[in-house]
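Visitor: Below are the chains, spelled out letter by letter.
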Amino acid sequence: DQQVKQNSPSLSVQEGRISILNCDYTNSMFDYFLWYKKYPAEGPTFLISISSIKDKNEDGRFTVFLNKSAKHLSLHIVPSQPGDSAVYFCAAGLQGGSEKLVFGKGTKLTVNP
Amino acid sequence: DAGVIQSPRHEVTEMGQEVTLRCKPISGHDYLFWYRQTMMRGLELLIYFNNNVPIDDSGMPEDRFSAKMPNASFSTLKIQPSEPRDSAVYFCASSLGLALIYNEQFFGPGTRLTVL
Chain A
531 DQQVKQNSPS LSVQEGRISI LNCDYTNSMF DYFLWYKKYP AEGPTFLISI SSIKDKNEDG
591 RFTVFLNKSA KHLSLHIVPS QPGDSAVYFC AAGLQGGSEK LVFGKGTKLT VNP
Chain L
20 DAGVIQSPRH EVTEMGQEVT LRCKPISGHD YLFWYRQTMM RGLELLIYFN NNVPIDDSGM
80 PEDRFSAKMP NASFSTLKIQ PSEPRDSAVY FCASSLGLAL IYNEQFFGPG TRLTVL
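Sequence order for the protein chains is A and L.
This note's numbering applies: residue 531 is where the first sequence begins, and numbers increase by one.
This note's numbering applies: residue 20 is where the second sequence begins, and numbers increase by one.
So that you can see chain A by itself, here it is in the shape it has in the complex:
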């Protein structure tokens, strides 16, 4: 049973345009959400996070939106750059860490020059 779902295995976007990666979760107890980025042959690296008390968190070109009622979050990358091409993992857990972090299967983003 996948508690965190990324339904799009891949996404292709033109350089300079917006990339939108989506994530859905089923466990209403989750109160902290993260996005990790993974390049080939490397481990995932933390990108951005959001607490359930917020509905938006922005860091440079990256913005994460949280819709608690829909149990949905999205990562927006504007403008997209070829260096953003990677696999993006959505993850969810509890702020206090009392439950393990649950990851989605990932979405492979390709940004074309």
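Check each hint, because a few of them may be wrong.
[Said to hold, decoys possible] Residues from chain A that keep clear of chain L, each with C-beta distances beyond 12 Å, as calculated:
{"id": "1", "residue": "Leu541"}
{"id": "2", "residue": "Ile548"}
{"id": "3", "residue": "Ile550"}
{"id": "4", "residue": "Ser558"}
{"id": "5", "residue": "Phe595"}
{"id": "6", "residue": "Leu631"}
{"id": "7", "residue": "Thr640"}
[As the list claims (entries may be wrong)] Quick list of the computed label-pair ranges, beta carbon to beta carbon:
{"id": "8", "chain 1": "L", "residue 1": "Gln36", "chain 2": "A", "residue 2": "Val608", "range": "32 to 40 Å"}
{"id": "9", "chain 1": "L", "residue 1": "Lys87", "chain 2": "A", "residue 2": "Asp531", "range": "23 to 31 Å"}
{"id": "10", "chain 1": "A", "residue 1": "His602", "chain 2": "L", "residue 2": "Pro100", "range": "37 to 45 Å"}
{"id": "11", "chain 1": "A", "residue 1": "Leu541", "chain 2": "L", "residue 2": "Phe93", "range": "34 to 42 Å"}
{"id": "12", "chain 1": "L", "residue 1": "Met58", "chain 2": "A", "residue 2": "Gly590", "range": "24 to 32 Å"}
{"id": "13", "chain 1": "L", "residue 1": "Ala91", "chain 2": "A", "residue 2": "Pro643", "range": "43 to 51 Å"}
{"id": "14", "chain 1": "A", "residue 1": "Gly590", "chain 2": "L", "residue 2": "Lys87", "range": "24 to 32 Å"}
{"id": "15", "chain 1": "L", "residue 1": "Asn122", "chain 2": "A", "residue 2": "Glu588", "range": "18 to 26 Å"}
{"id": "16", "chain 1": "L", "residue 1": "Ala91", "chain 2": "A", "residue 2": "Asp585", "range": "34 to 42 Å"}
{"id": "17", "chain 1": "A", "residue 1": "Lys586", "chain 2": "L", "residue 2": "Asn122", "range": "35 to 43 Å"}
For the record, the hints were derived by calculation from the structure and aren't laboratory data.
Just so it is clear, CB atoms sit at the ideal spot from N, CA and C, and this is done for glycine as well.
Given chain A, put chain L in place with the hints provided.
Guide: For chain L alone, coordinates are given in the frame of chain A:
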């Protein structure tokens, strides 16, 4: 700091053989995590340690898998006997603490395991 170190980076073995994956966490990190990445299940937590003590091993798929952390700077994940369905990328990660809001998990580069 060199980051989380894993070895080997690639491992090819035959079914039935024992496989040992190794991890050196970032110095000073109290938590160590073992994850497995597959196409079917994505990135899933197998087990994690706090101060060298296993805390949650509910993700370990079966008794063929075992993990140890004999000291703060070394952990192993062993599969015995290995099976083709164990083929995956295994990641080790470490963090200072467990609370997500304060503690980032730093991942190693992973070990790509292929069981023939």
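Visitor: Please go over all the hints and tell whether each is borne out by the structure.
Guide: Hint check results:
1. Leu541: Answer for A/Leu541: holds, closest chain L Cβ roughly 16 Å.
2. Ile548: holds, 25 Å
3. Ile550: Per Cβ check, A/Ile550 is outside 12 Å of chain L; nearest 20 Å; holds.
4. Ser558: holds, 17 Å
5. Phe595: Holds: least Cβ distance 18 Å, greater than 12 Å.
6. Leu631: Violated, since 7 Å does not exceed 12 Å.
7. Thr640: holds, 17 Å
8. L/Gln36 <-> A/Val608: 32 to 40 Å: Between L/Gln36 and A/Val608, where Cβ atoms are some 49 Å apart, the hint is violated.
9. L/Lys87 <-> A/Asp531: 23 to 31 Å: holds, 29 Å
10. A/His602 <-> L/Pro100: 37 to 45 Å: holds, 42 Å
11. A/Leu541 <-> L/Phe93: 34 to 42 Å: holds, 39 Å
12. L/Met58 <-> A/Gly590: 24 to 32 Å: For L/Met58 and A/Gly590 the Cβ distance comes to about 31 Å; the hint holds.
13. L/Ala91 <-> A/Pro643: 43 to 51 Å: holds, 45 Å
14. A/Gly590 <-> L/Lys87: 24 to 32 Å: violated, 41 Å
15. L/Asn122 <-> A/Glu588: 18 to 26 Å: Distance hint for L/Asn122, A/Glu588 holds at roughly 22 Å.
16. L/Ala91 <-> A/Asp585: 34 to 42 Å: Given range 34 to 42 Å: holds, Cβ gap about 40 Å.
17. A/Lys586 <-> L/Asn122: 35 to 43 Å: Violated, since A/Lys586 and L/Asn122 (Cβ atoms, about 23 Å apart) do not stay within the stated range.
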